[in-house]
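If you want the building blocks of each chain, they are given just below.
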Amino acid sequence: MKILTGKVIKYDIENIDTDVIIPGPYLKIHDHKELGKHSMEGLDPNFSSKVNKGDFMVTGKNFGCGSSREHAPIALHESGIQAILAPSFARIFYRNAVDGGYLLPIEIEQDIVKKIEDRDELEINLNENKIFNKTQKEEYLIKPFPELISKIVSAGGLINFKIEEQN
Amino acid sequence: MGMNITEKILAKASNRTKVSPDDVVIANIDKVMIHDVSGPGVIKVFELWENKGIKLDKLYDPEKVWISEDHFVPASDKVSANNISLLSKWSKKFNVKKHYKYGLGQYGICHTLSHEEGLILPGELYVGGDSHTNTSGAMGALAVGLGHTDIAYVLMNGKIWFKIPETILFKLSGKKPDYIMAKDIILKIIGEIGTDGANYKAMQFSGDVIEKMSMEERLTLTNMTTEAGAKNGIIEPDNTTYGYLKSRTNEKYTPVYSDVDAEYSEIYSYEIGDLEPIVAKPFSPKNISVARELQGIELDKAYIGSCTGAKLEDLRNAAKIMKGKKVKIRTEVLPAAQSIFLKAMKEGLVNTFLEAGAIVGPPTCGACCGAHMGVLAKDEVCISTTNRNFPGRMGHVESKTYLASPLVVASSAISGKITDPRDVD
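Residue numbers (the numbering used here), protein chains in the order written: chain A, -1 to 165; chain B, 69 to 493.
Quick caveat, the hints were computed from the structure, so don't treat them as lab data. Bear in mind the structure is a predicted one, so any value in this text is a computation, not a measurement. Hints may be right or wrong, so weigh each one.
[As the list claims (entries may be wrong)] If the Cβ cut is set under 10 Å, some of the chain A residues that face chain B in the computed set are:
hint, residue
1, Asp10
2, Glu12
3, Pro23
4, Lys26
5, Asn60
[Said to hold, decoys possible] Ranges of calculated distance between the beta carbons of each label pair, as one might list FRET restraints:
hint, chain 1, residue 1, chain 2, residue 2, range
6, B, Tyr128, A, Asn50, 39 to 49 Å
7, A, Lys132, B, Ala445, 44 to 54 Å
8, B, Glu131, A, Glu107, 31 to 41 Å
9, A, Glu32, B, Gly242, 49 to 59 Å
10, B, Met413, A, Asn50, 52 to 62 Å
11, B, Val92, A, Glu107, 36 to 46 Å
12, B, Asp447, A, Lys31, 27 to 37 Å
13, A, Glu107, B, Lys146, 27 to 37 Å
14, B, Thr317, A, Gln108, 45 to 55 Å
15, A, Asp10, B, Met69, 38 to 48 Å
16, B, Gly242, A, Asp116, 43 to 53 Å
Backbone N, C-alpha and C define an ideal beta-carbon position, used for all residues, glycine too.
Generate the whole structure from the sequences, applying the supplied hints.
Set out below in structure tokens:
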């Protein structure tokens, strides 16, 4: 897997739920670009003007709890987020992010969330399961993807992946 | 060691004799559901796949697929009307017969139709394009919510990957006090374990409280396992389950039960004899208090609706409190399915609500997810029988929602303030 680089947009908040990632009234929208415009609207109305393509979001635990709406990872992906770094993720959000191939849910320890600052520049190496913080000149470990998840991530989503061969 | 019911259903569905937590299996799916939000999302996935050269020619089995129109019904605007129209064309094209359309006989919230119509049966592996699919676990099925891509994959191939979850067993014992409902029990549990307390895990309920509990009340428990992050909530089937299904379906099924030496990652024991009515404060279902500690909090609205809190017994309990009284705040009652609406009419419950001054609306997810039909204004405060109270969940991001049982919500509607049903004159 390639090495990812980008800057951090940080929300040091736990349990960021799908209702704030993409509020209920937008559930009827299925145009991906349009969903991107409303990403994180329930938490930070200025999000879309702050975020840049290729940014990493760093947040507290249980990111994406709540509904099964795939609108959530779609909106974040369309707004430019390439990976989310958090101590844990809600299970459906995690599946949707990986199986849809929208963005990477990367698990890191709670103390690393505290160390990383907003707008830090990171280099994420998924082959070695390491993050290098170019701004603070620090290295952190990430929790490796389970084998199946790693394969789906490498394939770019479930559709490019032959699930039958795994059984 | 043996397996618990969740493991046994996943073992059967993946043609294995034994599975253990953290194993990854490819499982065959017995039933699939989409609705007017996830359905168009799934259709969009098929469009994207077709652009990549992977075309959906037919569904793996149209008989195993069913569709609900529930979130934006009656169509709230042109966009939602187009979604519903798109869904109708799609179900016709792919020969899905079980499409419950509003204004055309039985329809309602998907997690209510699933039991009202006997669509999901003991021992089955069921996936739905909605997080509260967990509800159907009360039927002794393994019921799991998935997103659009996963559901699209299932519709095409009839199978999907699962990681075998660890299971937490909740043993509920004691005599249920008057005015306590399943909603109080599940809020108490979520308050204790938190909104990620069962993340990636199964929540299984057992004990003498469950044995005596009605089917509809069991459904409230499993419904809100989603709020603890659970992959599924499940209750082993028994005579209550079989009796409930008897009048609803002729479809055959094979019940699955946990082995006597099944393993659980954790076991919680709850004695509910002293439980008091519970309310979850804004902005999380885990943010609980006993209702009496919140008495006096002024409200603008009471909402009795959703898959969690507008089943027939929910409406009966609310009507018991409201009979012969007048509401002091805006009160909305939306039965969760057409069949329940009809029964509520025949039992006189709808008269009770209307005479009390409430409005009674059509089945819809509506304001529960802040979509339409009664959403909250800035600074408005609502008490609701629904399942979530995140910021903006039921309307404006600066509105507030308290979650409670139908008894507490009805009592609060009568007084205009948060009220314990034991304190209603």
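Here is how each hint holds up against the structure:
1. Residue-level restraint check for A:Asp10 is violated (minimum Cβ-Cβ distance to chain B is 17 Å; threshold 10 Å).
2. The beta carbon of A:Glu12 is positioned within 10 Å of a beta carbon in chain B (closest approach about 9 Å), and the interface hint is therefore held.
3. Hint on A:Pro23 holds. Least Cβ distance to chain B is approximately 6 Å, under the 10 Å limit.
4. A cut of 10 Å between beta carbons decides the hint on A:Lys26: the least distance to chain B is about 5 Å, and the hint holds.
5. A least Cβ separation of about 4 Å between A:Asn60 and chain B falls short of the 10 Å threshold, and the interface hint therefore holds.
6. The hint said 39 to 49 Å for the Cβ distance between B:Tyr128 and A:Asn50, and at roughly 41 Å that hint holds.
7. A hinted range of 44 to 54 Å for the beta carbons of A:Lys132 and B:Ala445 is consistent with their spacing of about 46 Å.
8. Hint check: B:Glu131 to A:Glu107, Cβ distance near 48 Å, so the stated range 31 to 41 Å is violated.
9. In this structure the hint that A:Glu32 and B:Gly242 lie 49 to 59 Å apart at CB holds, the actual value being about 52 Å.
10. A beta carbon spacing of about 56 Å between B:Met413 and A:Asn50 agrees with the range 52 to 62 Å that was offered as a hint.
11. For the pair B:Val92 and A:Glu107, the beta carbons lie near 24 Å from each other, so the given range of 36 to 46 Å is not met.
12. Take B:Asp447 and A:Lys31: their Cβ atoms lie about 33 Å apart, and the range 27 to 37 Å holds.
13. Taking 27 to 37 Å as the suggested C-beta distance range, the pair A:Glu107 and B:Lys146 does not conform, at roughly 48 Å.
14. Our hint of 45 to 55 Å for B:Thr317 and A:Gln108 holds, since their Cβ atoms are close to 48 Å apart.
15. For A:Asp10 and B:Met69, the Cβ-Cβ distance of about 42 Å falls inside the hinted range of 38 to 48 Å, so the restraint holds.
16. Range check, B:Gly242 to A:Asp116: about 50 Å between beta-carbon atoms, so the 43 to 53 Å window is met.
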